[in-house]
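Asks: Sequences listed follow chains A and B, in order. Each residue of the first sequence is one higher than the last, beginning at 935 in the working numbering. Each residue of the second sequence is one higher than the last, beginning at 62 in the working numbering.
You may find that some hints are simply not true.
What the hints assert, rightly or not - Per label pair, the in silico range of CB-to-CB distance:
{"no.": "1", "chain 1": "B", "residue 1": "Lys-118", "chain 2": "A", "residue 2": "Gly-991", "range": "35 to 41 angstroms"}
{"no.": "2", "chain 1": "A", "residue 1": "Lys-988", "chain 2": "B", "residue 2": "Leu-144", "range": "38 to 44 angstroms"}
{"no.": "3", "chain 1": "B", "residue 1": "Thr-141", "chain 2": "A", "residue 2": "Lys-988", "range": "39 to 45 angstroms"}
{"no.": "4", "chain 1": "A", "residue 1": "Asn-998", "chain 2": "B", "residue 2": "Leu-156", "range": "34 to 40 angstroms"}
{"no.": "5", "chain 1": "A", "residue 1": "Asn-956", "chain 2": "B", "residue 2": "Arg-76", "range": "37 to 43 angstroms"}
{"no.": "6", "chain 1": "A", "residue 1": "Ser-985", "chain 2": "B", "residue 2": "Arg-76", "range": "34 to 40 angstroms"}
{"no.": "7", "chain 1": "B", "residue 1": "Thr-141", "chain 2": "A", "residue 2": "Gly-950", "range": "47 to 53 angstroms"}
{"no.": "8", "chain 1": "B", "residue 1": "Phe-121", "chain 2": "A", "residue 2": "Gln-948", "range": "40 to 46 angstroms"}
Since the hints were derived computationally from the structure, they do not count as laboratory data. Here the structure is a predicted model, which means the values were calculated and not measured. In this text, a Cβ means the ideal position worked out from N, Cα and C, and glycines have one as well.
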Amino acid sequence: KNEVEQSPQNLTAQEGEFITINCSYSVGISALHWLQQHPGGGIVSLFMLSSGKKKHGRLIATINIQEKHSSLHITASHPRDSAVYICASVYNFNKFYFGSGTKLNVKP
Amino acid sequence: KAGVTQTPRYLIKTRGQQVTLSCSPISGHRSVSWYQQTPGQGLQFLFEYFSETQRNKGNFPGRFSGRQFSNSRSEMNVSTLELGDSALYLCASSLVGDTYNEQFFGPGTRLTVL
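Chain B with its partners taken away, still in its complex shape:
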């Protein structure tokens, strides 16, 4: 069974641009979560989607948004990029998104904002 895949793996953007990152969960998994990892703040929860619905959201500005498609693939979008958005963005999938489901992480997308 293929693992969680994220595209692209690396991305360089300039301030003010917008970016879309993609996450394909493990086949059969319906919950997708997104996380941001920076050296200063560590890992932080962005949002979680289940069956195309956002069920939970972390403390990030509205420039960060996401969506989930009917095939469970998910995208996150960051508009009006700032230097501080440079980070590793990770997504993780789980079977039904129950608290007790194991999460499987993708390799991440490393975003650099210049």
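Chain A extracted, bound-state conformation:
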């Protein structure tokens, strides 16, 4: 059973657009991570959230613990943002449950 749901599965945007990716989880968590995976497989951790909001450059991540929902926003999207974005809920000792990923394609 997949305990983490992501939407949309695929997203195409024009350069400069504001992008939102959503993530819902079904049970209480210790933290939620947003990951970025580029073609070739390399994964980079973007954010780790347990409450509130975090910002790094053009990326913003928010989490609502009561609603069990998190969003990743990309402002002023750029073709180099094209990647798969994965949210993951984490429980004790790094036991991760992953969403199925959102494949983002930003066109110039």
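Chain A is already provided as a structure; the job is to place chain B on it using the hints.
Replies: Positioned in the frame of chain A, the structure of chain B alone reads:
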């Protein structure tokens, strides 16, 4: 500081064989986690090691095993390979394996089972 390294990067095996994959964490990191990624199932947690002890395990059969050495390097082993074991195997390290530690991922080992 060197990142997480995994060896080998690519591997081709046949059904029934066994395979050992290696992961060297970032210096000073004591927690190593392993993940399997397939097109059908996505990313799935395999197990996590801290100070040579397995603290958590995902829902995989006993053919999947691992260990961690005193220098924090980790290996995972898959015995009696099946076609469905073809996947990208990723390891990640973190400082102490606390839930709130950032994880750093290796480049992965792509295993193909023929």
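Asks: Confirm or reject each hint.
Replies: Results of checking the hints against the structure:
{"no.": "1", "hint": "Lys-118/B - Gly-991/A: 35 to 41 angstroms", "verdict": "holds, 36 angstroms"}
{"no.": "2", "hint": "Lys-988/A - Leu-144/B: 38 to 44 angstroms", "verdict": "holds, 41 angstroms"}
{"no.": "3", "hint": "Thr-141/B - Lys-988/A: 39 to 45 angstroms", "verdict": "holds, 44 angstroms"}
{"no.": "4", "hint": "Asn-998/A - Leu-156/B: 34 to 40 angstroms", "verdict": "violated, 28 angstroms"}
{"no.": "5", "hint": "Asn-956/A - Arg-76/B: 37 to 43 angstroms", "verdict": "holds, 40 angstroms"}
{"no.": "6", "hint": "Ser-985/A - Arg-76/B: 34 to 40 angstroms", "verdict": "violated, 47 angstroms"}
{"no.": "7", "hint": "Thr-141/B - Gly-950/A: 47 to 53 angstroms", "verdict": "holds, 52 angstroms"}
{"no.": "8", "hint": "Phe-121/B - Gln-948/A: 40 to 46 angstroms", "verdict": "holds, 41 angstroms"}
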